[in-house]
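Construct all of the structure, not just a fragment, from the sequences and the given hints.
Listed below, chain by chain, are the residues.
Protein chains: 2
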Amino acid sequence: MHRSRLYAILIDAPRDEADAAAAFWSAALGAPARPEPGAPQFIALHDALPGLVAAVQSVDDAPRIHLDIETDDVVAETGRLLGLGAVQVGQWQECRVLRVPGGHLVCVLPVESDPALFDAQARAWP
Amino acid sequence: MHRSRLYAILIDAPRDEADAAAAFWSAALGAPARPEPGAPQFIALHDALPGLVAAVQSVDDAPRIHLDIETDDVVAETGRLLGLGAVQVGQWQECRVLRVPGGHLVCVLPVESDPALFDAQARAWP
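Chains A and B, in that order, give the protein sequences. Mapping of the first sequence onto my numbering: residues 1 to 126, in sequence order. Mapping of the second sequence onto my numbering: residues 127 to 252, in sequence order.
Quick caveat, the hints were computed from the structure, so don't treat them as lab data. Remember, it's a predicted structure, so these values are computed and weren't measured experimentally. No residue lacks a Cβ here, since even glycine has one placed at the ideal position from N, Cα and C. Honestly, I wouldn't trust all of these hints.
Unchecked claim - Derived DEER-like restraints, expressed as beta-carbon distance ranges:
no. : chain 1 : residue 1 : chain 2 : residue 2 : range
1   : A       : Gly90     : B       : Ala188    : 14 to 24 Å
2   : A       : Arg99     : B       : Glu238    : 28 to 38 Å
3   : A       : Asp16     : B       : Gln214    : 37 to 47 Å
4   : B       : Gly229    : A       : Val89     : 12 to 22 Å
5   : B       : Pro236    : A       : Ala124    : 34 to 44 Å
6   : A       : Val89     : B       : Asp186    : 34 to 44 Å
7   : A       : Glu94     : B       : Glu238    : 34 to 44 Å
Unchecked claim - Stretch-level coverage of chain A by chain B, calculated; a stretch enters the list once three of its residues show a Cβ under 8 Å from a Cβ in chain B:
no. : region
8   : 10-19
9   : 36-44
10  : 47-59
11  : 62-75
12  : 91-102
As structure tokens, then:
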């Protein structure tokens, strides 16, 4: 058995537009924008969403939005999602990047949330 | 003064892949997929996210994810977002479709949530 939960929504913006995107979303949602220490490509949108992390990410790609799923077993969760039709298209540090049915991107990563939040909200999978 | 809140995340999938996308997301998040009465292009993902509506939408376009903002004054909220750098690119029924800095799509629509939820969570803008 392993567990997972939807952890974050990432607003991926082309590098040249990422600062403008972060400024827009911060003002639009009334959420302070805070650079992530040690990860300059991320600008967190503090408390933008109830129970979910929201951030703008600078990418060398077209604009897109992707979702992050956190899990206590990245291999098992990736395997579960592959079984549902996803295809692994990359790996970045401990995160697996999947293209899922419909064509969207999902990242599977180790638990990032407070453990109590994860325990309270994660779903268990056989 | 008017108010707004982030209302929904829409997983827009090409028409031929929308059913597969809905089946994937329903299983991936453990959220029952329910067609929306009277709006066959939408398949709601029930209770997928805390406090936000999530749905797969069938579109005649490339895969994308967009966000919906609900408001008690569509004209004022649209004007506020245009002032932050968004550009209106369409209108669908009462909804305004905006391209926002970074290149993503946002729809501005009249309040859809339960009024008590909207009152509790909406931000007020001068």
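State, for the Cβ atoms of glutamate 94/A and glutamate 238/B, whether the hinted interval 34 to 44 Å holds or is violated. holds (38 Å)
Is 12 to 22 Å right for how far apart the beta carbons of glycine 229/B and valine 89/A are? For glycine 229/B and valine 89/A the Cβ distance comes to about 21 Å; the hint holds.
Outcome, coverage of the region 62-75 of chain A by chain B - at least 3 residues whose beta-carbon is closer than 8 Å to one in that chain: holds (count 7)
Per the coverage rule (Cβ-Cβ under 8 Å, at least three residues), is the region 47-59 of chain A covered by chain B? It holds: at least three residues are needed, and the region 47-59 of chain A offers 6 whose Cβ sits within less than 8 Å of chain B.
Can the region 36-44 of chain A be counted as covered by chain B under the rule of three residues or more with Cβ-Cβ separation shorter than 8 Å? Result for this restraint: violated, n = 0.
Consistency of beta-carbon spacing, alanine 188/B to glycine 90/A, with hint 14 to 24 Å: holds (19 Å)
Distance restraint hint 28 to 38 Å, applied to the beta-carbon atoms of arginine 99/A and glutamate 238/B: holds (30 Å)
Outcome, coverage of the region 91-102 of chain A by chain B - at least 3 residues whose beta-carbon is closer than 8 Å to one in that chain: holds (count 3)
Cβ distance range 34 to 44 Å for valine 89/A and aspartate 186/B, holds or violated: violated (24 Å)
Starting from the range 34 to 44 Å, see whether the pair proline 236/B and alanine 124/A falls in it by beta-carbon distance. Hint holds: Cβ distance 38 Å, inside 34 to 44 Å.
Claimed coverage, the region 10-19 of chain A by chain B - three or more beta carbons nearer than 8 Å: Check passed, 5 qualifying residues.
Using the Cβ atoms, figure out if aspartate 16/A sits within 37 to 47 Å of glutamine 214/B. The hint (37 to 47 Å, Cβ to Cβ) is violated, given that aspartate 16/A and glutamine 214/B are roughly 23 Å apart.
Of the hints listed earlier, those the structure fails to meet are numbers 3, 6 and 9, in rising order.
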